[in-house]
Amino acid sequence: MARAFTPKVITANHLIEGDVIYLTAADTWSRDLAEAELITDEAHAQLRLLDAHSQPATVVGAYLADASSGTNGPEPTHFREEFRRTGPSNYAHGKQEVLANV
Numbered sequence: 002m003a004r005a006f007t008p009k010v011i012t013a014n015h016l017i018e019g020d021v022i023y024l025t026a027a028d029t030w031s032r033d034l035a036e037a038e039l040i041t042d043e044a045h046a047q048l049r050l051l052d053a054h055s056q057p058a059t060v061v062g063a064y065l066a067d068a069s070s071g072t073n074g075p076e077p078t079h080f081r082e083e084f085r086r087t088g089p090s091n092y093a094h095g096k097q098e099v100l101a102n103v
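Each residue of the sequence shown is one higher than the one before, counting from 2 in the numbering used here.
By construction, these hints were calculated from the structure, which means they are not laboratory data. Note that beta-carbon positions come from the ideal geometry of N, C-alpha and C, so glycine has one too. Please note: incorrect hints may appear among the correct ones.
Said to hold, decoys possible - If you anchor each label on the Cβ, the simulated ranges turn out as follows:
(1) ASP20 to ALA44: 27 to 33 angstroms
(2) ILE17 to THR78: 24 to 30 angstroms
(3) ASP33 to ALA3: 28 to 34 angstroms
(4) SER31 to THR78: 15 to 21 angstroms
Working from the sequences, and respecting the hints, build out all of it.
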């Protein structure tokens, strides 16, 4: 029996800056996970992933990441994606400082 499809977001790294980015429903890339398109259909997810892979001048390493619907948009369901969203944990700066003050 096939496993049920779980919601996903498409994430990658910006080619030049290296930042974690997410594909939005408007076909743009955002550094904010809350703006990412939460995909609930497996076929649509595969098509969106193909779209992401067709942008090699902008992104590298695009893949589908498990996510769930949150009050402010998609939320990570795995610690790896939470770590990628917040950045290095050696001290609060950059994204970590912004998220801590929200």
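Exercise. So the hint says 28 to 34 angstroms: do the beta-carbon atoms of ASP33 and ALA3 match that?
Worked result: Once the Cβ atoms are compared, 33 angstroms apart, the range 28 to 34 angstroms for ALA3 and ASP33 holds.
For this session: Please test the hint of 24 to 30 angstroms on the beta carbon pair from ILE17 and THR78.
Result: 29 angstroms, holds
For this session: Note whether the CB distance of SER31 and THR78 lies within 15 to 21 angstroms or breaks it.
Result: About 19 angstroms separates the Cβ atoms of SER31 and THR78, which means 15 to 21 angstroms holds.
Exercise. Is it true that ASP20 and ALA44 lie within 27 to 33 angstroms of each other by Cβ?
Worked result: 29 angstroms, holds
Of the numbered hints stated above, none is contradicted by the structure.
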